[in-house]
Amino acid sequence: MRFHRFDKRLSLRRKQSDKNGRYQGTHAFSGGSGTWTAIAWKRIAVGFAAIGVVLLASTIAKAEVRPDIPVIRLEDISGQVVNAFRSEETKAFVFLFVSVDCPICNAYAPEFRKLDGEFGPAGIAFRAVYPNREDTAQVIRKHVEDFEYPFPALRDPKHLMCRAAGVRVTPEAAIFVPGQGWVYRGRIDNRYAELGDERTVTTQFDLRMALQDVLEGRKPATSKNRAIGCSISPLP
Amino acid sequence: MFDFTAAMSQRRKKPSKKALRQQVRTARNSPFNKRRQGYALAMMILLAIGGSGTWIWRKRHPQNEGSASAPEVYHRRPRGSLTYYHDIAPILFAQCSNCHRPGQSAPFSLLTYDETKRRALEIVKVTQSRYMPPWLPAPGYGEFTNERRLTEEEIGILEQWVHEGTEEGIRSDSPPAPVWNSDWQLGKPDLVVELPTYTLASTGRDVYWNFVAPIPTDKLRFVRAVEFNPGNPKIVHHAFIQVDETSRSRLLAARNTPPGFPGMELSETAHMPGGQLLGWQPGKLASTAPEGLAWPLKVGTDLVLQTHLNPSGKPEKILPSVAFYFTDRPPTNQSFRLKLTALRLDIPPDEANYNVTESYTLPVDAAVLRSGAHAHYLGRDLKGYATLPNGERVPLLWIKNWDFKWQGDYQYSKPVWLPKGSKLTLDFTYDNSTNNIRNPHQPPERIRFGLESRDEMGELYFQLLPRDSQNYRVLANDFARYFVKTSRDFFAFRVKINPADAEAHKRLGRILLSEGAVPEAIAHIRESIRLDPMADEPHYDLGGFYLQEGKLAEAQREFSDVVRLNPYDFEAFGSLGIISLEVGRNSDARMYFERALQINPEDHLARGYLNALKAGAVKR
Chain S
456 MRFHRFDKRL SLRRKQSDKN GRYQGTHAFS GGSGTWTAIA WKRIAVGFAA
506 IGVVLLASTI AKAEVRPDIP VIRLEDISGQ VVNAFRSEET KAFVFLFVSV
556 DCPICNAYAP EFRKLDGEFG PAGIAFRAVY PNREDTAQVI RKHVEDFEYP
606 FPALRDPKHL MCRAAGVRVT PEAAIFVPGQ GWVYRGRIDN RYAELGDERT
656 VTTQFDLRMA LQDVLEGRKP ATSKNRAIGC SISPLP
Chain A
16 MFDFTAAMSQ RRKKPSKKAL RQQVRTARNS PFNKRRQGYA LAMMILLAIG
66 GSGTWIWRKR HPQNEGSASA PEVYHRRPRG SLTYYHDIAP ILFAQCSNCH
116 RPGQSAPFSL LTYDETKRRA LEIVKVTQSR YMPPWLPAPG YGEFTNERRL
166 TEEEIGILEQ WVHEGTEEGI RSDSPPAPVW NSDWQLGKPD LVVELPTYTL
216 ASTGRDVYWN FVAPIPTDKL RFVRAVEFNP GNPKIVHHAF IQVDETSRSR
266 LLAARNTPPG FPGMELSETA HMPGGQLLGW QPGKLASTAP EGLAWPLKVG
316 TDLVLQTHLN PSGKPEKILP SVAFYFTDRP PTNQSFRLKL TALRLDIPPD
366 EANYNVTESY TLPVDAAVLR SGAHAHYLGR DLKGYATLPN GERVPLLWIK
416 NWDFKWQGDY QYSKPVWLPK GSKLTLDFTY DNSTNNIRNP HQPPERIRFG
466 LESRDEMGEL YFQLLPRDSQ NYRVLANDFA RYFVKTSRDF FAFRVKINPA
516 DAEAHKRLGR ILLSEGAVPE AIAHIRESIR LDPMADEPHY DLGGFYLQEG
566 KLAEAQREFS DVVRLNPYDF EAFGSLGIIS LEVGRNSDAR MYFERALQIN
616 PEDHLARGYL NALKAGAVKR
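Chains as they are written, first to last, in my numbering: chain S, 456 to 691; chain A, 16 to 635.
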């Protein structure tokens, strides 16, 4: 389905992780439409093993799960486990993968606020995702406050969301459109060409353009772009 | 130098009518008027006077260009033999941890295995691209102390270790973790000056902010070292330490809250003391002036700290401080800061390979102690060298991939001795194409010389040590003449390419005035006024000239124009006071001097006249 364009990357990742031992555990994502249910099932199986299947089904039915929206349960900064896709009626979800000590992420904070201000009212839901396990809830709370993130922040120390979105560095953005799946993954804009190579003037605003496409009902012209930043810490 | 100042202040104590004319001239040379002169001639001559010296090097150390060592190659180690504690920690401790530790410039620490493993991929990437450690000079072209440059061997070891799986190894193999002085690298300072806090906004581009603060000292001191503490090291990208013996910078700073002022342009009275290059960038180690080269710090001097700040994404407080280390031993010599400037830059759009050269021939023997280069975002390849009288070329500095963000100055491991007649050359190349990702103009535009970051610059500067004070004077005077000549050519060039350039007319007029080409000079200044009727400075220039010539009516008219256009110009009020005294209108004079003092309570000249008037020392 929509995941096919990331398949190559995911399999490449697996190969690398095998070699470096960076990624362990099962790879729930083999691409295709089974991805979301697989991860959901895994989480659910662990968390609700004691609860009956009927109760489970009714829980999900009552909650926000729609067939076109996956469930990925992450901890928010108050320590509550929530579905990252939990939302009001949303045209698209934008996950901004960040880390507290990544200077490039931090330099983008004003841009994040601007994007949220522009696209939030139009039905785009932004979430910050902290994939490094070094970033504890307490550290993240302070970070969110310091950099004035106007959107929810989630911890992803097991890289559930990272792997779903296929991101590798911070900052990196991923857009999920209900019914279409992941439509964009990569840099915010072209401000950084490499680590240490920063444009004086940003000339291409990739995330912004992708969001405009989404709002206008198109698939983003570019679905992925290499992001420059700090590698996400490998799982132990 | 000190005698001259003393003589000047003595003269100021007893203003008499007889001496007035002379004082008018002295006033133009007073520190308050330096800004007006525009050209460093007088200041350089002033600085050149004084200080007996000795030649501190006995040996010549010519360096040959192309004394290139064989290209380094990494010899791979046996597979799996590299470990963190045995092979990696020694490299990181020596070359990275000084910044990559808590509280320093770098965004994260590299002191432990876990910290290093987490950043392994980036470490390989940035060491291979030589983004880290930041060190711009190319190897083999000038030899510098405290090089922050990894060898190919070290980069190879890091790469192999990461790609073989970041083996930890045995802790006992590790060298001891480095220990740093807690506060100041050079130990306990004799004096610490804290600058007023500045808060940098979270958004926007990089900012130049200039801090000003008095250096509290009750007597003449000799400074052997200064050390800079950025206060917020993750935000301060580089800094230049300057001093101002006048109140100019302080007045500029007082216009803002907190005190300070933005921009790359400082008051012309601010300068690096004693010909030193006092720059700071992350990772630079503090150093002490060579023996005999301490610089005198006078009572009442202000510290002017120019900082380049990078927004972090959240508001940041910057509270830098500067430590001073004194010595009882007066200097035996003085170094000279020589700056070659590529004024004639005119870079067409899309030109990827624009080259400019600029040369100056030394009139005396001198040793190069330090050098540095400066350009903005288009600069790419910055090279400096000397050509000896026998034609031999001495490499001095070569930056092959210029990065404005990491500019600094570099101290030679041994002074580079240059005999009289050696030619210093700036040889810079600029890239004004879209391929240059730092190009601030997209699409590219025609770019000329200018101080703002949208303009371009080309500067190569040296800390030179002449043999003695006699040689220092010869060098300073000769260089001042060279500087005036190149400036005159530059502004003439600017007027030629753009006859509507008011600033260029003004500056050209000023230089011609100082050279005695009066009618031509006045024509240019008048043209400048015609083009920019709101500018007060050309009127001041004319006023000063007429005052010198004794044409009081004309002078009065020009200074009145100045205060009409700029009611805060205390010097113009002072000059009006002097004119009024000349023509015997003592009550007017009094009013003018009082006005000058109102604007600048530290205008000692105005105070002197006013006191003399009150005491009745000046009578018609």
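Possibly wrong hints are sitting among the right ones.
Said to hold, decoys possible - Chain S stretches covered by chain A per the calculated footprint, using a threshold of three residues with CB under 8 Å from any CB of chain A: (1) 559-568; (2) 588-602; (3) 674-688.
Because the hints were derived from the structure by calculation, they are not lab data.
Using N, Cα and C, we set each Cβ at its ideal position, and we do this for glycine too.
Are at least 3 residues of the region 674-688 of chain S within less than 8 Å of chain A when you compare beta carbons? holds (count 3)
Given that the region 559-568 of chain S was listed as covered by chain A, double-check it with a C-beta distance under 8 Å for 3 or more residues. holds (count 6)
Has the region 588-602 of chain S got at least three residues whose CB is nearer than 8 Å to a CB belonging to chain A? holds (count 3)
Going through the hint list in order, the structure satisfies each hint without exception.
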